[in-house]
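> These protein sequence lines are chains A and B, in that order.
Heads up, the first sequence is in numbering that gives the first Met the number 0, so the first residue is 0 and it goes up one at a time.
Heads up, the second sequence is in numbering that gives the first Met the number 0, so the first residue is 0 and it goes up one at a time.
Check before you lean on any hint, since a few could be wrong.
EDC-like mimics (lysine to aspartate or glutamate), calculated; alpha carbons at most 16 Å apart, straight line [unchecked claim]:
id: 1; chain 1: B; residue 1: 174; chain 2: B; residue 2: 148
id: 2; chain 1: A; residue 1: 79; chain 2: B; residue 2: 148
id: 3; chain 1: A; residue 1: 158; chain 2: B; residue 2: 526
id: 4; chain 1: B; residue 1: 222; chain 2: B; residue 2: 307
id: 5; chain 1: B; residue 1: 200; chain 2: B; residue 2: 210
id: 6; chain 1: B; residue 1: 555; chain 2: A; residue 2: 80
id: 7; chain 1: B; residue 1: 444; chain 2: B; residue 2: 458
id: 8; chain 1: B; residue 1: 222; chain 2: A; residue 2: 80
id: 9; chain 1: A; residue 1: 79; chain 2: B; residue 2: 427
Simulated from the structure, these hints should not be mistaken for laboratory data.
Nothing here was measured: the structure is a model prediction, and the numbers come from that model.
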Amino acid sequence: MSGKSKTIEPAPTVQVRKKPLKVRIRHSMGFYFMALPVIIFVVLIYYWPMLGIRYAFFSYKLRSIHWVGLENFRMMFSQKEFWQAFINTLWLSTFKLVLNTFAAVVIAIFLNEAINLIFKKVIQTVIYLPHFMSYAVVAAIFSLFLSPSSTGFVNETLKSWGWISQSIDFLHEKSMWQPIFFAINLWKEVGWGTVIFFATLSGINPELYEAAKIDGATRLQRMRYVTFPALSSTIIIVLILNLAKVLNMFEPVFVLYNSRVYDVSDVISTFIYRKTFLQPIPDYGYTTAVGLFKSVVGGALMLGCNALSKKVRGRGII
Amino acid sequence: MKKKMVSVLLVGAMAASLLAGCGSGTGDETTADSTDSSTTTTTDSSSTSSDEPYDLEDLYITVDGTLTATVDSGQKEFEEQWEKAVSEKLGHPIDLHITQLDHSDYAGTVSRTLTTGTPGDGQYPDALIMSATMLRQYQTTGMLWNLKDAFDNAEFQSRITLPKVNEGLQTTDGKQYGFAPTYGNGCVTYIKQSWLTKAGKTVDDIKTFDDYYNLLKSVSDGKTYGVIAAGYGKLDEAPYINYMPEWWQGAYPSFYQNKDGEWVDGFMEDATVEALKRLNQGYKDGIIDPDTEEAGTKQAREKFFSNDQSTSEMAFTYWAGTWLRTLTNNMDKNQVDTDLGDDRLVMLPPIQEIKDTWGGYLNREAPVWVITDDGDGNDAREQAIFDALFETMLDGDKVQTLWTYGAEDVHWSTKAESFDTYKWVEDDKLTDEQKATVKEAKDGKSLVLDKHYDYADGEFHLKPSPNDPNTLWKKNHLDPVLVIAPLTNGYADDDALVTKGNEFFTENCVDAPAAASCDTLTNVEADMVSDKTTWMNEAVTGQITAEEAVQQYKDKYADTSAQIISELNAQK
Chain A
0 MSGKSKTIEP
10 APTVQVRKKP
20 LKVRIRHSMG
30 FYFMALPVII
40 FVVLIYYWPM
50 LGIRYAFFSY
60 KLRSIHWVGL
70 ENFRMMFSQK
80 EFWQAFINTL
90 WLSTFKLVLN
100 TFAAVVIAIF
110 LNEAINLIFK
120 KVIQTVIYLP
130 HFMSYAVVAA
140 IFSLFLSPSS
150 TGFVNETLKS
160 WGWISQSIDF
170 LHEKSMWQPI
180 FFAINLWKEV
190 GWGTVIFFAT
200 LSGINPELYE
210 AAKIDGATRL
220 QRMRYVTFPA
230 LSSTIIIVLI
240 LNLAKVLNMF
250 EPVFVLYNSR
260 VYDVSDVIST
270 FIYRKTFLQP
280 IPDYGYTTAV
290 GLFKSVVGGA
300 LMLGCNALSK
310 KVRGRGII
Chain B
0 MKKKMVSVLL
10 VGAMAASLLA
20 GCGSGTGDET
30 TADSTDSSTT
40 TTTDSSSTSS
50 DEPYDLEDLY
60 ITVDGTLTAT
70 VDSGQKEFEE
80 QWEKAVSEKL
90 GHPIDLHITQ
100 LDHSDYAGTV
110 SRTLTTGTPG
120 DGQYPDALIM
130 SATMLRQYQT
140 TGMLWNLKDA
150 FDNAEFQSRI
160 TLPKVNEGLQ
170 TTDGKQYGFA
180 PTYGNGCVTY
190 IKQSWLTKAG
200 KTVDDIKTFD
210 DYYNLLKSVS
220 DGKTYGVIAA
230 GYGKLDEAPY
240 INYMPEWWQG
250 AYPSFYQNKD
260 GEWVDGFMED
270 ATVEALKRLN
280 QGYKDGIIDP
290 DTEEAGTKQA
300 REKFFSNDQS
310 TSEMAFTYWA
320 GTWLRTLTNN
330 MDKNQVDTDL
340 GDDRLVMLPP
350 IQEIKDTWGG
360 YLNREAPVWV
370 ITDDGDGNDA
380 REQAIFDALF
390 ETMLDGDKVQ
400 TLWTYGAEDV
410 HWSTKAESFD
420 TYKWVEDDKL
430 TDEQKATVKE
440 AKDGKSLVLD
450 KHYDYADGEF
460 HLKPSPNDPN
470 TLWKKNHLDP
480 VLVIAPLTNG
490 YADDDALVTK
500 GNEFFTENCV
510 DAPAAASCDT
520 LTNVEADMVS
530 DKTTWMNEAV
540 TGQITAEEAV
550 QQYKDKYADT
560 SAQIISELNA
570 QK
């Protein structure tokens, strides 16, 4: 046997000629036909209305439409109410997001620790239920509960306990509206928010807990050093995904706010709603301009979140 | 990345266009503002010849909740009978298309319809109902037809008994864009007789605000209240103060013409400060139900006649005439003061302070019908609409009866018939007589005979409501008592309570100030009303003082208010 080593020749590269586009289209004609209804739907429903964006640069009252350039934007940026609504939108959405996520994590962790399965299931069901109620119903219930009249359960209870002598107008007090708003939203959404964290918790390898136990970790330490790190990436993902939507808040505010608390409750969407639907003869050009601004900021936020997502989990959200 | 950027921008733009898209299917864009009120010369269509005949085959009308023959309550039959009667009159078939909008958002929906529609597209109304305020806003836009000539030459002119109603609709340059078939009506204060008796008073004891205040205070104990209304003042709906007239007295929190005919801003006047102070005191003393702030008219009246009177109120200011019957019937349904029958509610004559300022309860400006102008410079179509709709609406006979009482043999009849109406009564409150008539029983309540009705052939009578067989139908769109040209066929519903209510109001009312309208006001009105409502509510509930409320208004709107007043005074 000769000691001469054999060199391995690299395989010759095969040049595959790409078929012409026409041929490829013809071959996949069936698929293109299948996609056609969806494409038409998307164009008609999503892209055709985009032509309306141009009205942001027009004055549009009743049937009178004329070019005003950037006047709508100038008016918008000069209005105190607009900036108030913008700041409120960011604050209410962001704080609600952080609060709800934090509460959902805490509840999920504690319920995960619960040993009694029946107790766990009952609590889970009870806290999920409010999620399925519409905001209109929730607002009606809480308005009745918090009413300052003699039909208001909270005021009447506090009075009967002798804690207050005069009814408190909870939903009309600027100082109380935001805490009540956050509390109602927490009550409604926290249960549903726990679902994703439960899913993550159930995926944690039990061996990690056993190992920690053998090492002498207490229950709190196991939560601190095993459960919480396992949840952290899910928490960040939930936060990032929701951060992109913070400007979309409308319904939870709309059903609970009133003119006395506009300073602390008005958000961009309710601002647009009022300027569009509660004006006797609205200027659709102006409200389109506000909508466009909201979308541009929303788009920027989405890009920011996409970059964050890439950094945290290695892939973007778009 | 580039692709993603593009897609993100597209998504953003798409979201923005959702709003803009609402109006994307509208009329032509013009760099010349053809209809803007500030620059447009309204086409005086009436000056154009309309000699050539125009056969109106389809008539599209938009109405609010005042057409009580709704889809669920015999609108189809009303429509069919109207088409038959009007076709006979015109000599050619005509198809009536009714669009009935939600009453609470009527002005907004009309605005959107007129913005996005095109005359003749089947959605755009040929004629529609407008409040006095809406009329003032739209009559300068060129979208409405000047019906002055048609109105002056109408056949019903000779039968008009209340000419002033429509005279008041004329603009300073002699045009008329609205047609009011009735006068406006207004609100009176109703007091529950049983509560009055309990307080040891009669309505004759209540002459002044102090009398009224002390009466209400005597029944307010933290659970029950003296009074409830749909807002401390309804600042978005003229005449603004008519749901709480005793508290507002001579104040008028909007623009109005004073005795010298000059336009003034009532919200800046001392009278408003005084009114806010009275309301604040009433709130502090637990006389005004705090639900007043958020209540709509429906919630307010439902609480007033609720079967749980332990959280109800003694007084409620609401519409005169037919509403007295409706409120009484609802109290009856809820078994409130059953023994008092039609005497459950007593009407309070205007207190001295109202007499000294306005002179009486305010008769609001009448709602009107308008015809939309298609802008073709020819009146033929518009005149045809007038002839088919308005001319027949006050024909004194068949068609007017349709608008007044509804469809024959559906809402009313002249055929011999007898029927019963039933009501629910709690089992423990059943009398022996009622026990013998129980038709159905459930949840501790029994459906028992309420009234038996027997009519001879040829006798005009109202039938049970199509959507509630246990309630008698009341009226359709036109109130027979308020109409400017009465029926000539002798059909009349003899409800003594309604007649009493109308007579009381007529004896105790004065015309409300005319609604203001100018370009600046139209542009800022919604914001102004919203701010004024906020400050009013804050002043009433004690968050700020009455003086601060008015001062805040002055701080923000003094210049705008001055501009509005100058524009209004320039219209004279």
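> The structure should be examined with respect to each hint, and the outcome stated for every one.
Comparing the hints with the structure gives:
Distance hint between residue 174/B and residue 148/B is fulfilled; the C-alpha atoms sit about 9 Å from each other, no more than 16 Å. Distance check on the hinted pair: residue 79/A and residue 148/B sit about 48 Å apart at the alpha-carbon level, beyond 16 Å; violated. Distance restraint check for residue 158/A and residue 526/B: the Cα-Cα separation of roughly 37 Å exceeds the 16 Å cut-off, and the hinted pair is therefore not satisfied. With a CA separation close to 11 Å, the supplied pair residue 222/B and residue 307/B stays within the 16 Å bound.
For a cut-off of 16 Å, the pair hint linking residue 200/B to residue 210/B stands: about 10 Å separates their Cα positions. Straight-line distance between C-alpha atoms of residue 555/B and residue 80/A comes to about 13 Å, which keeps the hinted pair within the 16 Å bound. As the CA atoms of residue 444/B and residue 458/B are separated by approximately 35 Å, the hinted pair breaks the 16 Å bound. At most 16 Å may separate the alpha-carbon atoms for a hinted pair to count; residue 222/B and residue 80/A exceed this at roughly 38 Å.
As the CA atoms of residue 79/A and residue 427/B are separated by approximately 61 Å, the hinted pair breaks the 16 Å bound.
Violated hints for the displayed structure, listed by number in ascending order: 2, 3, 7, 8, 9.
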